[in-house]
Amino acid sequence: MRRILKYVILDIIKNKTVIAYTIMLSLFSWGTFALEDNASKSLLSLLNIVLLIVPLMSVLFATIYVYNSSEFIELLVSQPVKRSKIWNALFTGLSISLIIAYVAGVGVPLLLFSDTGTALIMIAAGSLLSAIFVAIAFLSSILTRDKAKGIGISIMLWLYFSLLFDGLVLFLFFQFSDYPIEKIVVVLSALSPVDLFRILVLLQLDISDMMGYAGAVFEKFFGNQWGLLISFSLLVLWIIVPFYLSLKKFKKQNL
Amino acid sequence: MFIHSNITRHLVFTSCLVCFIFLQSFSTVLYVGEKEQFSSIKKALAASKAGDTIIITRGTYKEGNIIIDKPVCLLGRDLPVLDGELKYEILSVKSDSVVIKGLQLQNSGRAAMNDPGAIKIYDASHIRIEDNRLQNNYFGIFLQYATHCIIRNNTIKASQKEEHQSGNGIHCWKSDSLQIIGNRIYGHRDGIYFEFVTHSVIWRNIAHFNLRYGLHFMFSHQNAYITNYFKGNGAGVAVMFTKKVIMINNTFEENWGDAAYGVLFKELSDCYLSGNRFYRNTTGIFFDGSNRITAEHNTFQANGWGMRIQANCMDNKISRNNFMGNIFDVATNGTLTLNEFSENYWDKYEGYDLNKDKTGDVPFHPLSLFSVIVERNPPAMLLYRSFMVSLMDKSEKILPSLTPETFVDKKPHMVPYDI
Numbered sequence: 001m002r003r004i005l006k007y008v009i010l011d012i013i014k015n016k017t018v019i020a021y022t023i024m025l026s027l028f029s030w031g032t033f034a035l036e037d038n039a040s041k042s043l044l045s046l047l048n049i050v051l052l053i054v055p056l057m058s059v060l061f062a063t064i065y066v067y068n069s070s071e072f073i074e075l076l077v078s079q080p081v082k083r084s085k086i087w088n089a090l091f092t093g094l095s096i097s098l099i100i101a102y103v104a105g106v107g108v109p110l111l112l113f114s115d116t117g118t119a120l121i122m123i124a125a126g127s128l129l130s131a132i133f134v135a136i137a138f139l140s141s142i143l144t145r146d147k148a149k150g151i152g153i154s155i156m157l158w159l160y161f162s163l164l165f166d167g168l169v170l171f172l173f174f175q176f177s178d179y180p181i182e183k184i185v186v187v188l189s190a191l192s193p194v195d196l197f198r199i200l201v202l203l204q205l206d207i208s209d210m211m212g213y214a215g216a217v218f219e220k221f222f223g224n225q226w227g228l229l230i231s232f233s234l235l236v237l238w239i240i241v242p243f244y245l246s247l248k249k250f251k252k253q254n255l
Numbered sequence: 001m002f003i004h005s006n007i008t009r010h011l012v013f014t015s016c017l018v019c020f021i022f023l024q025s026f027s028t029v030l031y032v033g034e035k036e037q038f039s040s041i042k043k044a045l046a047a048s049k050a051g052d053t054i055i056i057t058r059g060t061y062k063e064g065n066i067i068i069d070k071p072v073c074l075l076g077r078d079l080p081v082l083d084g085e086l087k088y089e090i091l092s093v094k095s096d097s098v099v100i101k102g103l104q105l106q107n108s109g110r111a112a113m114n115d116p117g118a119i120k121i122y123d124a125s126h127i128r129i130e131d132n133r134l135q136n137n138y139f140g141i142f143l144q145y146a147t148h149c150i151i152r153n154n155t156i157k158a159s160q161k162e163e164h165q166s167g168n169g170i171h172c173w174k175s176d177s178l179q180i181i182g183n184r185i186y187g188h189r190d191g192i193y194f195e196f197v198t199h200s201v202i203w204r205n206i207a208h209f210n211l212r213y214g215l216h217f218m219f220s221h222q223n224a225y226i227t228n229y230f231k232g233n234g235a236g237v238a239v240m241f242t243k244k245v246i247m248i249n250n251t252f253e254e255n256w257g258d259a260a261y262g263v264l265f266k267e268l269s270d271c272y273l274s275g276n277r278f279y280r281n282t283t284g285i286f287f288d289g290s291n292r293i294t295a296e297h298n299t300f301q302a303n304g305w306g307m308r309i310q311a312n313c314m315d316n317k318i319s320r321n322n323f324m325g326n327i328f329d330v331a332t333n334g335t336l337t338l339n340e341f342s343e344n345y346w347d348k349y350e351g352y353d354l355n356k357d358k359t360g361d362v363p364f365h366p367l368s369l370f371s372v373i374v375e376r377n378p379p380a381m382l383l384y385r386s387f388m389v390s391l392m393d394k395s396e397k398i399l400p401s402l403t404p405e406t407f408v409d410k411k412p413h414m415v416p417y418d419i
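Order-wise, the sequence lines are chains W and U.
1 is the number of the first residue of the first sequence in my numbering; add one for each residue after it.
1 is the number of the first residue of the second sequence in my numbering; add one for each residue after it.
Excised from the complex, chain U in its bound form (with noise of 0.2 Å):
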């Protein structure tokens, strides 16, 4: 009895094997270029049917709109080039499990209207976009409505001066379930834009030099942020309007501005951020309406502000980080606060530890009398580094009057955690 079960199994195994090969010798390769069966896109489009690959060759193809609605694969040999001679959208996806691969798409065309993409996917699924190289696009990938897609290793590059004349490196519009991963992102107006999309996953991005933020993303929930470096971006990175997000491991440098931010967190809850790296941006993190963020492990260096947490945050807890090199370490707008903070590194903290654990034996009030000055009156900064400035600082820190007492750290760390 239990062996002819099994041999049944086998049999139905084997059966289905055949048929899926039996499936896949139906599906045929179609190739595109000067010297092959089909001379154009479309021709091959038009020509396929579903599971079917299409390989282009080496040349340029400016064949205008390219609408692609049956699931086939598209894949590039030696980078060929598809012209959107600033008039188009190159590539339409209209249907479900399509591929492209290794193809160079440019010159997208520009209209405020209907915002053109290089590639625009209209509601569908288990796409994947992988190894293309985008340039001087107005929006490089453009998702809607689209679930479970792939987008990985693709090189965006725009090259406007202007942010209302440049549209986002990766764009995505009430999906779900995207992996974003590997992409390199430079000089679109967003690197990376998401509005309403959910449990998806960003890893080993680059997002550098785009004319406004480097990541953007509203009412996107339940999304992982991991390992993502976000350099010089016009004003850096600023998220809204979400819960659960978590941040691991990402770099946010160079974000220098009046208006940038390493991060700026509005409207934001339930958040986890480890391991991140904000370096020399003018706040590092700016919170503001946010409620229940854990900070823990993350390196605050050279900053302007480490931090800057709006009276109106409530229930974060600051532990574990290190704040070193910073103009200000943090700052707040008011006396009450709500958050806490807890064995972090402070290079400013000039406390001693007598039985040698580690943990300073005096407690640490991370806000400078300057500091709050500057945030109630922005041009006092004039006198930062002044003889008067440091003065008033020393005193303050024997005597707080004027900071509130209760912003403080109670086991401040004595040296820099390793992260």
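Okay, chain W solo, but in the shape it has when bound (with noise of 0.2 Å):
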């Protein structure tokens, strides 16, 4: 496993694509820090790029790359090795290799600029973030053979936890007004990892003030070290969760 680890590493580090996205992640940090005097406001503008780039790009890039490994992967298959081992190793070296773009290309800034709290949470979640985003490309790819239906799922799926999610959030507010719902919304933005990322800068920021009754139970249940543990476990579970499924669907898969 681990020669095919270092095989995937290689060749996505040569790879120019990964390269550019540390470059333009770098520019953007960088630059939002030396434009902004204010480093709490920068801290949210560059929490702006990052939860909209960093899911597209690992989402993106891991799903076309897995379709273009289908032959390198066929090919291991043919020797004796296991098939989760393969599975295993390319996804570790694609996250590996996005984490390490986003802390060189985020995290550098952020330790330099703004508090060590905020910038090593951000740092964390941010490569969960990552991982998670290849874990679910990875099951998009394996959901189909066709590489434009494969991309066009992974691309749908960044949509909705990046997008829609947070409409249907707004329409379920709007809808139960009426009753008590702070506590199920507190569930229900677990049920998305951009979310998750964003609350958890967000309650760095001091916002849950501005909640009134709802950031009480907010501050409550994410504000102390058990809310961070939950958290930063339910991240971990977004990226074991689909990782497994596809493992299983690759294992019994016909190549």
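Incorrect hints may have been included.
[As the list claims (entries may be wrong)] Straight-line distance between alpha carbons at most 30 Å, and here's what the computed DSBU-like set of lysine-lysine pairs gives:
1. U:Lys70 with U:Lys174
2. W:Lys41 with U:Lys394
3. U:Lys70 with U:Lys43
4. W:Lys41 with U:Lys231
5. W:Lys41 with U:Lys70
6. W:Lys41 with U:Lys348
7. U:Lys161 with W:Lys220
8. U:Lys101 with U:Lys174
9. W:Lys220 with U:Lys231
10. W:Lys41 with U:Lys356
11. U:Lys411 with W:Lys41
[Claimed, not checked] Beyond 12 Å from chain W on every Cβ pair, some chain U residues (computed):
12. Asp83
13. Tyr88
14. Ser97
15. Gln106
16. Thr147
17. His164
18. Thr198
19. Thr299
20. Ala311
21. Arg376
22. Tyr417
Calculated directly from the structure, the hints in this document are not laboratory data.
Everything numeric in this text was worked out from a predicted model, so none of it was measured.
Backbone N, C-alpha and C define an ideal beta-carbon position, used for all residues, glycine too.
Since each chain comes alone in its own frame, lean on the hints to assemble the complex.
This is how it looks when you write it as structure tokens:
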């Protein structure tokens, strides 16, 4: 497995897309921190960019990569290696390289310009977010053998998590505004990794005081050590579940 | 004839002066202390007469409740300590023209029935309370039916944890023509509390980290608040049911919390605010039922809401202010807008200025769609900074449909005002 991992990582590092991605991320982050004199404001702008670009890039790149290396996978399957090892190595290699790109691009300026606690949370959560969308990409690319369809599914999933889900939540807010739905919403927000990430960072910025009762519920749930632990384990769960599903399918798949 | 009248005038003046000096020589100085003429303040007070000066030297005095019922001057030398042993009101002033200066007053009694204070003034005028240090009292300085009093340069500190265990730092009730200058109030329930206080000046005070409000007043008309500093109070500053208030050059800072406001205006009218700074509050100013208020040259920076104007407010003029780095610059809970915004600087303004007169050529709608949504449905704040919300805000900016059309600044300023 280690040898496959090495091949995958070397291959991706040679890939110009990831390098361009790293450079773009670092340009954005250095740019926002340099242009804005208010550190918390630039943190929010950066949050916006990260929330949009990191999932999109991770999901697209991973989907395309998996499809492009189908011949490599077929070759490996013909060798005496376990299928799960191949799939694991592929996933780990892709995640690690995308996480490295994220940490190099966004993490370094974050650590330099904003306070350490917020920076660490944003780095950790962003890295997890990269891995989550790689896992989602694995799932969508195993669902269909057609490359165009697979990419389509990936984009749809990305659109759902970054845009449609929030619209749905807002819709629920208005439909059920007469009922005490605060606690349900807390649970609901865990259903989208993008939202979870955003809320984790927002809690660092004292936004909860502006939400009235819901904010208090929220602060109570996510604001303490346990909440942090729970939300991070939820993020990890978001990696494990799609990947496990894809792995199960890959093991049985007729390639 | 002319010279003659001049001489008479001189004579009258001189004789008055002589009389004055003569009277002065009658007033004596009494010393209180271990090795002094009087061993206790009460004894010195009993021996004194109107116009005397009592100098209290260094030491700790535990004399229970001391009642000052004649116009004397109480001076502390090297900060003597008057201790109320958590049982007594320390100084009760029941005469006009009393001076209390340079004392440390600590541990006043605690009682919700008669509200004991470190210094309490009953029905008196022309009192001066200066340079005292008040520590761990229930009420700090309590004035009732007091007029023409000066409270200056006192340090007032308390350390109670709960609101109901604590009184107010400076508490004034049914008073008139007060000057409250240069005091520091920390850790009381309300820093400065006024009820039915009129024609007073509150200048250069610092009220910080009080349990409830930094400043709290009701029915207190025609007062001026100048260059005060309110920071980190439990619920900020709340002022209610008052007319004709002037607030100039005050700072309201770090009042962050669900029910905390930089300033809460409830049923205020005909007020003037200028040069105030609102920094890092959940809400900079909250207007509720407030009319005819002029707010100009104020700075609203890094607040959750710069300003929230309820729909029951009218004829307020908000002009030439700076709105910078707030999450929401303004919010309102209705569609009817009866207030006027003009010539403010908004950092969220994206218009242009072709003729370079520093006034933007396109009107600015300070009310964002998201702020309208959050006002109707506070939990929606959960979606703050989500991509969808930014998208909605942008489309609303281009084609306003849900935000009231009349909520507009027609002449937004392009650069921040130098305030």
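Non-interface claim for Thr198 (chain U) versus chain W (Cβ beyond 12 Å): holds (35 Å)
Distal placement of Thr299 (chain U) relative to chain W, Cβ over 12 Å: holds (14 Å)
Given pair status - Lys348 (chain U), Lys41 (chain W), alpha carbons within 30 Å: holds (12 Å)
Satisfaction of hint between Lys41 (chain W) and Lys411 (chain U), Cα-Cα up to 30 Å: Holds. Lys411 (chain U) to Lys41 (chain W) sits at ~26 Å (cutoff 30 Å).
Outside-interface status for Thr147 (chain U) - nearest CB in chain W farther than 12 Å: holds (41 Å)
Minimum Cβ-Cβ distance from Tyr417 (chain U) to chain W exceeds 12 Å: Its Cβ never comes within 12 Å of chain W, the nearest being 18 Å, so this holds.
12 Å Cβ clearance of Ser97 (chain U) from chain W: Nearest chain W Cβ is 48 Å from Ser97 (chain U), so the label holds.
Given as non-interface: Ala311 (chain U), which should sit over 12 Å from chain W by C-beta: holds (18 Å)
Separation of Arg376 (chain U) from chain W, once the least beta-carbon distance is taken, above 12 Å: violated (8 Å)
Given hint Lys70 (chain U) paired with Lys41 (chain W) - CA-CA distance at most 30 Å: This hinted pair is violated, its Cα atoms lying about 61 Å apart.
Consistency of the no-contact label for Gln106 (chain U), given chain W and a CB cut of 12 Å: holds (35 Å)
Pair hint Lys70 (chain U) and Lys43 (chain U), alpha-carbon separation not exceeding 30 Å: Distance of about 14 Å is within 30 Å: holds.
Checked against the numbered hints above, the structure breaks hints 5, 21 and satisfies the rest.
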